[in-house]
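Asker: Here's the letter readout for the chains.
There are 2 protein chains.
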Amino acid sequence: MCPAPVEQDCQRGFIVPIGGGEDQLRDREILSRYLEMCGGSNAHIVVIPTASELDDTGARYQDLFRELGAGEVGILHCDNRKECNSQDFVDLLDRADGIFMTGGNQLRLSTTLGGTRVAQQIRRRNAAGMHVAGTSAGAAFVPEHMIAGGHEGSTPSPDMVTLAPGLGLTNRLIIDQHFRERERLGRLLTALAFNPFAIGIGLDEDTAAFIGPDDVMEVAGSGGITVIDPSELEFSSMDSARRDQPVSLIGIRMHILVAGGTYDLATRKARP
Amino acid sequence: MCPAPVEQDCQRGFIVPIGGGEDQLRDREILSRYLEMCGGSNAHIVVIPTASELDDTGARYQDLFRELGAGEVGILHCDNRKECNSQDFVDLLDRADGIFMTGGNQLRLSTTLGGTRVAQQIRRRNAAGMHVAGTSAGAAFVPEHMIAGGHEGSTPSPDMVTLAPGLGLTNRLIIDQHFRERERLGRLLTALAFNPFAIGIGLDEDTAAFIGPDDVMEVAGSGGITVIDPSELEFSSMDSARRDQPVSLIGIRMHILVAGGTYDLATRKARP
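Residue numbers (our numbering), protein chains in the order written: chain A, 1 to 272; chain B, 273 to 544.
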């Protein structure tokens, strides 16, 4: 799906994909910064633990945000598609300042939320100013085109990645997580090579992209973000390569950004 | 990418995916109807043969549309990404009443046109009333989420289909072609099961969906169109199935429509 239209005199909320494994014990820099942005002690945070198969994932993040001083923390137990079409769930999202989607399996998010009123309401509320963060699977689910799975390695090949429709908060990005830790350069390059319209961002663990309403993203956390810009691609063998063969790509632009670095998704300019 | 916004007092042009193998010798019903819609003897048709590896594909369709009485038929030779960013190509699209994308390999279209000015201009001109038709690979490329490849068979399994970003004229549909001829029910179901927000349409050969600005589609041609509506899905094992295992889906709605049948993509109602 596409992002909901932003009404006149409104600003889209921040979109905050996190690479997984964010610090939950020491400074908790990423989670603190996200909570602050949502209003701190006045913030109403809604945790969506649908990606996780563990029963206590929602409660764990609820405790974390409470410890950090959030005003109110609810859990949206989106376990099946019927619930995701209920008025109660839509109403809870109406009252939220920010939502947080946990890690797990992004296909649990897309198969459960996809096409329901909850998914539609998240897009609408984000367009009206509600912030949306997600870690690991929760980050992968954010854009229009979601990486559902794939193989490790740094050289792209056609069968290396599985793409599926995501939540659709942005159509400028394809997001991958645990990026350095799980050697995911190849699968992100493959996803971009299918259609070089998007920008790829590979998020290391404990690293977040804070993407503002102006589509400028700022890096926070202890790792790096790898930005892949295929807009000047001169040559690609993606259309002729066999499924397990390496793909040749000429003219990729790449940036590695760390905490404080920014990237403008509209102008495609990076600053350290 | 998302469809370009339709300006006030404008109507989107028709979107006409064709299942491949359209009659080019006898009545040529589908091509004639498309030409008529574009203005017949006043129509300026632009053929985009990028999907094809054969040198004469563009000229063949140029001859066909001329024989059918088109006013003017040009060929847009989009062979590389640099050309697809040229002003000449954008200008040619400005003068077209309808474009026609040939068959071949849809990855040639997405890797060459994706993210270029030509792709953007097709979206903008379609939103402003220009009609867009595509056959086989040209049909697959039309929506936001494109089936790039996959395996035959009627039972869905996670590794059965490869999705990639498409042109983005519509985000309501996922399109498959040569549907009955190549047993593609399983791969279309798989594509929808990843995220049940879209409607699937499986186009038999010599069969077209004429999708109007009101998002009502009408079937034309000698075969059928299989419509898959996953919006009432009650259960899916897509998030837990192994790559080559069958996927359980409960609550799929399916319609088979033939010539004259219609389907409203907004209300999801079929009529014979």
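Simulated from the structure, these hints should not be mistaken for lab results. Wrong hints could be hidden among the right ones.
[Stated by the list, open to error] Pair by pair, the computed Cβ-Cβ distance ranges are:
| no. | chain 1 | residue 1 | chain 2 | residue 2 | range |
| --- | --- | --- | --- | --- | --- |
| 1 | B | 515 | A | 82 | 20 to 30 Å |
| 2 | B | 301 | A | 128 | 41 to 51 Å |
| 3 | A | 10 | B | 426 | 28 to 38 Å |
| 4 | B | 486 | A | 11 | 26 to 36 Å |
[To be verified] If we take Cβ atoms under 7 Å as the criterion, some of the chain B residues that face chain A in the derived model are:
| no. | residue |
| --- | --- |
| 5 | 274 |
| 6 | 276 |
| 7 | 357 |
| 8 | 514 |
| 9 | 516 |
All C-beta atoms in this analysis are idealised placements derived from N, C-alpha and C, irrespective of residue type, glycine included.
Asker: Decide, hint by hint, whether the structure agrees.
Answerer: Hint check results:
Taking 20 to 30 Å as the suggested C-beta distance range, the pair residue 515 (chain B) and residue 82 (chain A) conforms, at roughly 28 Å. The hint said 41 to 51 Å for the Cβ distance between residue 301 (chain B) and residue 128 (chain A), and at roughly 47 Å that hint holds. The given range of 28 to 38 Å is broken by residue 10 (chain A) and residue 426 (chain B), whose C-beta atoms sit roughly 46 Å from each other. Roughly 32 Å separates the CB atoms of residue 486 (chain B) and residue 11 (chain A), a value that falls within the hinted 26 to 36 Å.
Interface hint at residue 274 (chain B): satisfied, since its Cβ lies 4 Å from the closest Cβ of chain A, which is below the 7 Å cut-off. Because the closest C-beta pair between residue 276 (chain B) and chain A is about 11 Å apart, greater than 7 Å, the hint is violated. A least Cβ separation of about 10 Å between residue 357 (chain B) and chain A goes past the 7 Å threshold, and the interface hint is therefore violated. Annotation: residue 514 (chain B) was flagged as interfacial toward chain A, and the flag is violated, the nearest CB pair being 11 Å apart, outside 7 Å.
Among the interface hints, the one on residue 516 (chain B) is violated; its C-beta lies about 13 Å from the nearest C-beta in chain A, farther than the 7 Å criterion.
The structure fails to meet hints 3, 6, 7, 8, 9 from the earlier list, while all remaining hints are met.
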